[in-house]
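Visitor: Residue strings, one per chain:
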Amino acid sequence: MGLFILRRFGVMLLTALCLTFVVFFLTNLYPNLEKLAKTQGNQRMSDEQVETWLDNRGYLQPTLVKYGQWLGVLPGYTKTLDDGTFLGTCTRPGSTEETTSRYCGVLQGDWGYSSVFKDEVGTIVGKRLGNTGYLMFWVLVLMVPSALLVGVLAGMREGSALDRSLSTFSIITTATPEYVSGVIFIAIFTSSTVGLKWFKGTATQAMDNPTFENFFLPVLTIALYGMGYIARMTRASMTEVMTAQYIRTARLKGVSFGNIVMKHALRNALIAPFTVIMLQFPWLLNGVVIVETLFNYKGFGWALVQAAGNNDIQLLLAISVVSVFVVLVTQLISDIGYVYLNPRIRIS
Amino acid sequence: MEPLSWTGSIAILNPILMIALAALVVSIVVWIIGSIVLPEVPLSLNADGTLSSGTGLRGLTQSALRYSFFACVVLALAYIVLGILMGTSAGIVGAISQQFLPVWLSLIILFAMSIAFKRRLGLYGKLFDSPIGMIGFGLVMFWVFTGIFGALDLIITHDPLSQVSGMKNKVPGTPLQNPEDGEYAWYLLGGDNLARDVFSRMVKGAWIVVQIAPLATMFAFMVGITLGLPAGYYGGRLDTFLSFLANLILAFPVILLFYLLVTPEIVATGVPNYMAAVLFIFPILFIGVLLNSRYYTRPNFRTPLLIGVLGIALWLYLSLISTDGYIINTDDYGIWGLPTYLDLFDIPGGILVVFVSVVFVNSPTVFRIVRGLALDIKTRDYVAAAQTRGEGPWYIMLWEILPNARGPLIVDFCLRIGYTTILLGTLGFFGLGLPPESPDWGSTINEGRKLLSIYLHPALPPAFALLSLVLGLNLLADGLREESLKD
Numbered sequence: 002m003g004l005f006i007l008r009r010f011g012v013m014l015l016t017a018l019c020l021t022f023v024v025f026f027l028t029n030l031y032p033n034l035e036k037l038a039k040t041q042g043n044q045r046m047s048d049e050q051v052e053t054w055l056d057n058r059g060y061l062q063p064t065l066v067k068y069g070q071w072l073g074v075l076p077g078y079t080k081t082l083d084d085g086t087f088l089g090t091c092t093r094p095g096s097t098e099e100t101t102s103r104y105c106g107v108l109q110g111d112w113g114y115s116s117v118f119k120d121e122v123g124t125i126v127g128k129r130l131g132n133t134g135y136l137m138f139w140v141l142v143l144m145v146p147s148a149l150l151v152g153v154l155a156g157m158r159e160g161s162a163l164d165r166s167l168s169t170f171s172i173i174t175t176a177t178p179e180y181v182s183g184v185i186f187i188a189i190f191t192s193s194t195v196g197l198k199w200f201k202g203t204a205t206q207a208m209d210n211p212t213f214e215n216f217f218l219p220v221l222t223i224a225l226y227g228m229g230y231i232a233r234m235t236r237a238s239m240t241e242v243m244t245a246q247y248i249r250t251a252r253l254k255g256v257s258f259g260n261i262v263m264k265h266a267l268r269n270a271l272i273a274p275f276t277v278i279m280l281q282f283p284w285l286l287n288g289v290v291i292v293e294t295l296f297n298y299k300g301f302g303w304a305l306v307q308a309a310g311n312n313d314i315q316l317l318l319a320i321s322v323v324s325v326f327v328v329l330v331t332q333l334i335s336d337i338g339y340v341y342l343n344p345r346i347r348i349s
Numbered sequence: 094m095e096p097l098s099w100t101g102s103i104a105i106l107n108p109i110l111m112i113a114l115a116a117l118v119v120s121i122v123v124w125i126i127g128s129i130v131l132p133e134v135p136l137s138l139n140a141d142g143t144l145s146s147g148t149g150l151r152g153l154t155q156s157a158l159r160y161s162f163f164a165c166v167v168l169a170l171a172y173i174v175l176g177i178l179m180g181t182s183a184g185i186v187g188a189i190s191q192q193f194l195p196v197w198l199s200l201i202i203l204f205a206m207s208i209a210f211k212r213r214l215g216l217y218g219k220l221f222d223s224p225i226g227m228i229g230f231g232l233v234m235f236w237v238f239t240g241i242f243g244a245l246d247l248i249i250t251h252d253p254l255s256q257v258s259g260m261k262n263k264v265p266g267t268p269l270q271n272p273e274d275g276e277y278a279w280y281l282l283g284g285d286n287l288a289r290d291v292f293s294r295m296v297k298g299a300w301i302v303v304q305i306a307p308l309a310t311m312f313a314f315m316v317g318i319t320l321g322l323p324a325g326y327y328g329g330r331l332d333t334f335l336s337f338l339a340n341l342i343l344a345f346p347v348i349l350l351f352y353l354l355v356t357p358e359i360v361a362t363g364v365p366n367y368m369a370a371v372l373f374i375f376p377i378l379f380i381g382v383l384l385n386s387r388y389y390t391r392p393n394f395r396t397p398l399l400i401g402v403l404g405i406a407l408w409l410y411l412s413l414i415s416t417d418g419y420i421i422n423t424d425d426y427g428i429w430g431l432p433t434y435l436d437l438f439d440i441p442g443g444i445l446v447v448f449v450s451v452v453f454v455n456s457p458t459v460f461r462i463v464r465g466l467a468l469d470i471k472t473r474d475y476v477a478a479a480q481t482r483g484e485g486p487w488y489i490m491l492w493e494i495l496p497n498a499r500g501p502l503i504v505d506f507c508l509r510i511g512y513t514t515i516l517l518g519t520l521g522f523f524g525l526g527l528p529p530e531s532p533d534w535g536s537t538i539n540e541g542r543k544l545l546s547i548y549l550h551p552a553l554p555p556a557f558a559l560l561s562l563v564l565g566l567n568l569l570a571d572g573l574r575e576e577s578l579k580d
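From first to last, the protein sequence lines are chains E and X. The numbering of the first sequence is this note's numbering, which starts it at 2 and goes up by one. The numbering of the second sequence is this note's numbering, which starts it at 94 and goes up by one.
These are calculated hints, taken from the structure and not from any lab test. Predicted model only: the values in this text are computed from it and were never measured. One or more hints might be untrue.
Heads up, simulated DMTMM-like pairs for lysine to aspartate or glutamate below, C-alpha to C-alpha not over 25 Å straight-line [said to hold, decoys possible]:
#1 K543/X x E159/E
#2 K579/X x E241/E
#3 K254/E x D111/E
#4 K128/E x D111/E
Under 8 Å between C-beta atoms, here's a sample of chain X residues computed to sit facing chain E [what the hints assert, rightly or not]:
#5 L138
#6 N139
#7 T143
#8 L144
#9 F221
#10 G329
#11 L331
#12 L335
#13 L341
#14 P346
#15 R542
#16 L549
Where is the CB? At the ideal position from N, CA and C, for every residue including glycine.
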């Protein structure tokens with residue numbers, strides 16, 4: 002088991018390295034750098050000015066060197082201009098040669114400086130992740146129990162009326178992406194034309210003061226899309242368990258149906274959905290980006306959109322590291338959890 | 094011109110429809126509760142050994158549900174038929190159903206033909222045995238026909254890009270202020286914030302989806318199959334390497350990937366063209382290996398066949414990836430491609446990058462599915478038999494394993510078209526790739542959402558259109574799964 006986790010950890014590290022390098026490569030292509038220079042410097046810079054601007058800040062070094070600097074295995078780029086201004090990859094506005102450290106990379110715990118928000122990337126990501134974590138927590142609180150309930154109820158009697166109506170419900174939710182359900186919810190529950198002003202159409206205030214009124218719609222929108230899939234998986238696993246021989250034996254012994262479902266079937270039926278819920282995290286991440294844009298909730302997804310739209314390289318890299326980390330860790334947890342929940346599987 | 098109301102002179106039907114819908118909702122609830130509360134229908138054993146069941150209260154709830162459902166369907170048909178006959182005097186509903194006349198006709202012909210010959214049509218014909226599958230197929234074909242006829246300018250009432258003065262944010266059914274001769278006198282579903290016709294934009298948006306989504310899914314399947322079969326069949330290092338690559342792409346959040354790939358700056362560097370050149374070669378490889386592995390024992394037949402098929406495929410490939418005589422054309426350098434006079438079609442850079450990134454995102458999942466199926470099927474006896482016969486590995490993969498994996502693959506194909514539609518909508522929603530005035534559903538939803546608290550009508554039609562298409566594809570996949578399991 003220990004060896005297994007160690008190997009998975011190695012693969013994880015390799016994946017993270019590859020992915021960050023891809024992001025690094027794409028954001029450091031020349032047209033992207035040109036855009037960065039023009040947004041940071043001056044929109045009407047000539048081609049030569051763009052080139053000097055980039056050269057002064059070390060953007061024109063080979064990609065591998067820049068990647069090494071970002072990682073913190075190579076010393077940061079520095080340059081002192083003729084007029085005495087000190088520039089480099091490790092500098093912050095106002096810092097001098099003495100206050101700047103030689104290495105500044107992820108290994109040193111320095112995530113860089115965001116060119117859009119004019120702040121340390123570490124603090125931005127931390128703050129935005131806090132907002133999104135709060136959102137995700139409530140999404141999971143709403144989504145997981147209701148999805149499991151729908152799946153178990155649908156799967157316990159295959160082909161019954163309850164099964165068919167709940168299955169139709171879960172198919173409809175999987176067919177409704179967040180930007181469709183969100184728009185429909187906003188139209189029905191918040192607009193002045195329909196008249197049901199039950200909720201607020203934006204979640205901007207929810208960052209400081211979350212209430213049911215301004216926070217429920219974003220949570221519901223994300224939860225619904227993920228719910229259908231988990232419910233269908235739970236249903237499939239539940240129907241499989243309900244046709245197993247030990248359930249038949251229990252029925253023949255005369256155990257009541259409620260007892261069969263609660264005591265015999267449920268535990269075995271919930272192994273597969275556990276994996277599915279864990280693997281659902283990458284999709285939730287997508288939903289978060291859409292919903293945070295739609296409801297104007299300034300979280301992690303919102304920061305991603307801002308960073309990508311303005312080619313904020315350092316912030317974008319930090320965001321991709323975080324999201325890749327989330328994806329890989331949930332995969333690892335789902336694998337390990339599966340082994341613990343299902344005693345028939347042993348990893349040698 | 095008077096503004097149109099929703100139902101016009103057939104408004105007498107509205108209360109009846111309300112009653113029918115209320116009855117449907119009540120009977121569904123009663124049906125569900127009844128299935129839990131009411132006792133099972135008693136079975137009685139007859140003297141001749143057969144079982145018979147009484148109807149009981151359960152049967153009653155079921156027939157109530159059936160009748161109220163039929164009432165709703167009949168009423169909906171009545172709206173459509175009356176609308177086709179009466180046109181605008183039956184209000185917006187009538188006018189819209191009249192505009193959709195070619196779609197209704199094609200649907201009727203398609204369904205009549207398919208049901209008449211369903212026993213000779215294989216899996217497709219069996220689809221018409223399952224009500225769920227039929228509903229799904231109907232929804233999908235509705236949008237397919239809408240897309241095709243919309244592209245032929247049969248359904249739309251106005252140009253989706255032209256703005257008419259005085260129609261900004263007008264509610265559905267608003268008449269034009271001074272329509273010219275031959276111009277449709279109303280905005281059936283109102284005008285958007287740039288005074289364009291919402292109805293025509295929705296119809297035109299269907300064409301974009303119908304064009305891109307199935308084709309992109311097909312390319313993703315070609316890539317996934319060509320790589321997944323050897324990975325599953327050979328296993329070993331190849332499998333480890335390809336699986337690592339697939340997991341790498343899958344670990345990327347889709348939106349981050351889109352934001353990195355689908356930007357004008359990336360298009361300018363030619364990265365999408367490189368990706369297109371790599372991804373689009375897989376179908377050629379697939380066809381080439383497929384035919385060669387089958388006919389390599391008959392060189393006289395194989396060689397001309399391969400030359401012909403691969404020649405055409407290569408020509409299509411080259412015209413697909415080359416634009417204006419270049420495969421890659423950046424400011425610094427260019428790679429020569431097919432000369433313009435041989436180039437069959439040009440794809441604008443924006444569409445190409447959307448297409449490529451959607452294929453790129455979908456293919457790893459297909460790869461994983463195909464690999465899993467190949468791992469499972471390669472242990473079967475018929476594979477062992479083929480190996481004993483001395484068949485080559487590619488023959489076994491493509492002509493023994495692949496046909497036997499078709500069931501799950503067809504089902505996944507339907508689901509994946511739906512997922513691709515959602516991805517295209519996501520791209521439009523973030524304003525990536527497609528031009529900003531493009532009438533695709535995602536962009537229209539994105540534009541409409543900004544004024545959603547005051548004007549509902551610009552955002553809702555594309556939202557419901559996308560919802561119904563994806564729902565149709567999911568139902569179709571469900572029906573296909575059910576029917577293919579019956580084999």
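Visitor: Does each hint fit the structure? Answer for all of them.
Guide: Each hint, compared with the structure:
With a C-alpha separation of about 44 Å, the suggested pair K543/X and E159/E falls outside the 25 Å cut-off, and the hint is violated. For the suggested pair K579/X and E241/E, the alpha carbons sit about 17 Å apart, so the restraint of at most 25 Å is met. For the hint linking K254/E to D111/E, the alpha-carbon distance of about 65 Å lies beyond 25 Å, and the restraint is violated. At roughly 16 Å between alpha-carbon atoms, K128/E and D111/E fall within 25 Å of each other, so this suggested pair holds.
Because the smallest distance between the Cβ of L138/X and any Cβ of chain E comes to about 20 Å, over 8 Å, the interface hint for this residue is violated. A least Cβ separation of about 25 Å between N139/X and chain E goes past the 8 Å threshold, and the interface hint is therefore violated. Interface hint at T143/X: violated, since its Cβ lies 22 Å from the closest Cβ of chain E, which is beyond the 8 Å cut-off. Residue-level restraint check for L144/X is violated (minimum Cβ-Cβ distance to chain E is 18 Å; threshold 8 Å).
Given hint, F221/X at the interface with chain E, is violated; its Cβ is 20 Å from that chain's nearest Cβ, farther than 8 Å. Nearest Cβ of chain E to the Cβ of G329/X: about 17 Å, over the 8 Å cut. The hint is violated. With a cut of 8 Å, the hint placing L331/X at the interface with chain E is violated, because the nearest CB-to-CB distance is about 17 Å. Here the hint on L335/X is broken, as its CB sits about 14 Å from the closest CB of chain E, past 8 Å.
With its C-beta approaching chain E no nearer than about 6 Å, L341/X sits inside the 8 Å limit, and its interface hint holds. For P346/X, the interface hint holds, since its Cβ comes within 8 Å of a Cβ in chain E; the closest pair sits about 5 Å apart. Restraint check, R542/X versus chain E: the minimum CB separation of about 6 Å is within 8 Å; hint holds. Because the smallest distance between the Cβ of L549/X and any Cβ of chain E comes to about 5 Å, under 8 Å, the interface hint for this residue holds.
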